[in-house]
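*Asks:* One letter stands for each residue in the lines below.
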Amino acid sequence: MNRPLKYCLLAAGLLAAGGLRATWEQPMTREFRAAGLLSSPVGIDTRDRIGQTSSAVALGGLRTLVATFLNIRSFTYFSEKRWGDVADTYDLIVDLAPNTIQYWDMGSWHMAYNAAGDYRTNSDLPAARRREAWQEWIKRGEAFLRRGIRNNPDDWQLPAALGRICSAPDKLREYPEAVEAFRASADTGKALPYVRRLQLYSLARCSGREAEALEMARGMYASPRNRTTTMVAILFALEQKVSPSTNPTARAIELFEGDKAAYDGLSLYWLRENERFPVDGVASALKGLETKFAIPEAKSIFRKIGRRNEGPEDWFKSDTELFKEELSDRLGIPSRKK
Amino acid sequence: MTHAPTRKHPLARPRRIAVIAGHAFTQLVRMKVFYFLAIFALIAIASNFFDLPQHEGPEAMGAKGLDILRLIKSWSLGAMTLFSVVFGIVSTALLLPKDVEDRTLYTILAKPVPRIDYLIGKLGGVLLLLAVSLGLMDLLMTGMLHIRMNIVLEVQKAMADSYGWDQAARDSLTRDTLLQGPTWSLQGAVAAVFLRSAVMAAVALLISTFSSSTLFTAVVSFLVYFIGHFQGDVLGGGDSGQSAMARYLGQAVAMVFPDFQLFNVIDAVIQGKMMEIAQFGKLVWAALYYIGVYVFGSWFVFSDKEF
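Line by line, the protein sequences are chains D and S.
Take the first sequence: its letter number 157 is residue 157 in the working numbering, and every next letter is one higher.
All you need for the working numbering is the position in the second sequence, starting with 1, plus 1000.
No lab work stands behind these hints: they were computed from the structure.
Values in this document were obtained by computation on a predicted structure and should not be read as measured data.
Among the hints, erroneous ones may be present.
[As the list claims (entries may be wrong)] Residues of chain D clear of chain S, computed beta-carbon distances all greater than 10 Å:
| id | residue |
| --- | --- |
| 1 | Lys6 |
| 2 | Ala87 |
| 3 | Ala128 |
| 4 | Arg131 |
| 5 | Ser243 |
| 6 | Pro296 |
[Claimed, not checked] A few chain S residues that face chain D, going by a derived Cβ cut-off under 7 Å, partial list only:
| id | residue |
| --- | --- |
| 7 | Val1113 |
| 8 | Pro1114 |
| 9 | Gln1167 |
| 10 | Ser1172 |
| 11 | Thr1174 |
| 12 | Met1255 |
| 13 | Ala1268 |
| 14 | Ile1270 |
| 15 | Gln1271 |
| 16 | Lys1273 |
| 17 | Gly1297 |
[As the list claims (entries may be wrong)] Short derived list, chain S residues pointing at chain D, Cβ under 8 Å:
| id | residue |
| --- | --- |
| 18 | Asp1067 |
| 19 | Ser1243 |
| 20 | Tyr1289 |
Glycine included, C-beta positions come from ideal geometry on N, C-alpha and C.
Make the full structure from the sequences, and use the hints.
*Replies:* See below:
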C-alpha cells in the first residue's frame, strides 16, 4: 500500500473511531458533570485573565493546582488590602474550582467582611462614601455567595454563610432572607444543629411572624441540646409578646431552670440590643430577679451600656450627630431601650 | 518482511509480549528515570511542612487543616500528572528510534514476532514504568496525607473540646476531614492519572510509527495532549461567531484526538468528591478504547514499514 493512501485510510479510521466514541463519550461527560465530577470547560474570559502560562497548566488537567496557587496569591492581595484584586482573583479561582466550597466561602468573607470593614473604618473618606463602599462590598460578598449556592445546590455551608450575612447586626439585617437561607442550609440534612437555631433567631426578628417563631422555639426547646442561652431567652420573649404572663420572673426561672441562670441569661440577652431580638417582658423579669437577689441600683443591669454604638446606623453619622449623642449621654438622658 | 505463524502454545503470545515489555522496562530503568522520585519526595514533604499563607475566616473552624490536606493532594496529583505525562510521551518517543539505533529492532523483527506483539510489548514496558513510578509516588502521597490527617484530627479534637461541641458537630467535622484524607476515591484519581498518561503513551506510539525523529514525536504528542483538553469547547459549539467551516473542522479535530477532559475527575477528587466504582469503570473503558484505537492505528502504519 502506498504511503499517502495508508495515511488517508488511517485518518478515516481515526475519524470513524471518533464518531463511534461520541455515542458513549458525550453521555458519560454529561453524567460526570451531573455527579459533580467534572467542571464546565474553562471559558475564554477565564483563560485570558489567568494568563497564558496558567491557562496552559489549567488546560493540562491541573485546574485545582492553578486554583491553589491563585488562592495563595490572593492572600498577598488581602494582606495589602487590594480588595479589587482579591475579588477578581476569587472570581478566577471559582471558575477553575467551582465545587470547592471553601473558595466561595473565603471569597465572600473577604468581600462582605474584610473589604466592607476596611472601607467602614477608612478615615480618609467622608462618611457618605464610606457608607456607599461598605454597602457595595457587602452586596458583592452576598452576590458571590448566591453564585456559589447556585453552583453547589447540595451544600449546607454556603446558605448558612448567606444567612449570617443577611442576619448580622453589622451587615444587611434582612431577616426574612436569612430565615430562608438558614432553612435551605438545615434542609440539606447535612448542617450542624446550630443552623436550625440560627433560623429561629432570624425568624424571631421577622415582624409579624412571632406566632410562627414561637411554635418553632417551643419545638426546639423540647430537646435539651437546643437550650442555649439565646434560644431560651428568645422563647421567653416570644411567649411574652404573644401572650404576656402575669409573672414574667417566675416564667423566666422556669424556662432557664434556675433563678441565677435566668438572671445571667437574660442580662446578656438584654445587652445585645443591636441584634434586635424581641425583648418583651425581659425588663420586667430582670427587675423581678434583681429584687429577688437584692442587687443594688448601682450594679443593676439597666445601668450598663449595651452595644448601642456598634450598628451601621451609628457608624456613618456626621460629627454633629455624634456630638449631640455624647452630650445626651453625659446629661443622663435615658437610652432608647424599650 | 513476513512472519511465520508461531502459535504453538496458548500462552506463547502473552509471554512474548511480556518479554518485550520487560526488556523495554529494563531499557527505560537503565536511563535512570527513577531519579525524578527524589524531586517528587521533596515536593510532597515540602507541601506537608511548609506553612504557606492561608486564609482563615472566623466561621471556618478546622478549615485550615482541611486546606492543608487539599494542598498536599493538589500538589502531589499535579506533580504526578506532569511526571507521568512527560514519562509516557518521552519514553515512548525514545523506544522505536533507540531500537533502530541499537539495531535490536532488526534482530527482533527478523524473528517470527508479529509487529503488533512488538508494539504492544513496547507500550506495555512504558505502562509498567508508569505504573511503578505512580505507585511509588502514590505511596509517598498517601503516607504524607495519612500522617497530616491524623495531626489535623488531633487539632480538631482539641478545638472541639475547647468549644464544648456536641457529638453531632464533632462527627460532621471528622467526616469532612476524612473525605480530604487518603480515600479509595483518591486511589481512583491516581488511577485516572495513570489512564491519561497511558492514552498519551499510545498516542506517542502512533506518532512514532510514522515519525523518524524523537523530538518531533514528543512535540506533536504534547500538542495532542493540550488539544485533548480543548475538546469540551469544540464539541460544545466553540466560540460564538465561528463559521460553519471552522465548526466542522473543529469537530473533525475533536473526533481524531482524545478527549482528556473526562480524566479531569482528578480535580473533583482533590476537592473531596467521591468517585463511584461504576464511574471509575467507565473511565477505564474510555482509556482502553483510546489505547485500542491508537495501538491498532500504530500497527496499521507499522505493519509493512521498511527499515
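*Asks:* Report holds or violated for the interface hint on Met1255/S, using the least CB-CB distance to chain D and a cut-off of 7 Å.
*Replies:* holds, 3 Å
*Asks:* Take a quick look at Pro296/D and tell me if its Cβ sits farther than 10 Å from every Cβ on chain S, holds or violated.
*Replies:* holds, 33 Å
*Asks:* Under 7 Å is the threshold here; is the Cβ of Gln1271/S close enough to any Cβ of chain D for the hint to stand?
*Replies:* holds, 5 Å
*Asks:* With a cut-off of 7 Å on the beta carbons, see whether Thr1174/S makes it to chain D.
*Replies:* This interface hint is violated because 12 Å lies over the 7 Å limit.
*Asks:* Quick check on Ser1243/S please, does its C-beta sit within 8 Å of some C-beta on chain D?
*Replies:* violated, 17 Å
*Asks:* Beyond 10 Å from every Cβ of chain S: is that where the Cβ of Ala128/D lies?
*Replies:* holds, 28 Å
*Asks:* So Ser243/D supposedly isn't at the interface. Is its beta-carbon more than 10 Å from every beta-carbon in chain S?
*Replies:* holds, 32 Å
*Asks:* Closer than 7 Å between Cβ atoms is the bar; does Gly1297/S clear it against chain D? Give me holds or violated.
*Replies:* holds, 6 Å
*Asks:* Return the status of the interface hint for Pro1114/S: holds when the least beta-carbon distance to chain D is below 7 Å, violated otherwise.
*Replies:* violated, 18 Å
*Asks:* Would you settle whether the hint for Val1113/S is holds or violated, based on the nearest Cβ-Cβ distance to chain D being less than 7 Å?
*Replies:* For Val1113/S, the interface hint is violated, since the closest Cβ of chain D sits about 21 Å away, which is over 7 Å.
*Asks:* Classify the hint on Ala1268/S as holds or violated, based on whether any CB of chain D lies nearer than 7 Å to its CB.
*Replies:* holds, 4 Å
*Asks:* May I ask you to check that Lys6/D keeps its beta-carbon over 10 Å from the closest beta-carbon of chain S?
*Replies:* Non-interface label on Lys6/D violated, nearest chain S Cβ at 7 Å vs cutoff 10 Å.
Hints 1, 7, 8, 9, 11 and 19 from the list above are not met by this structure, while the remaining hints are.
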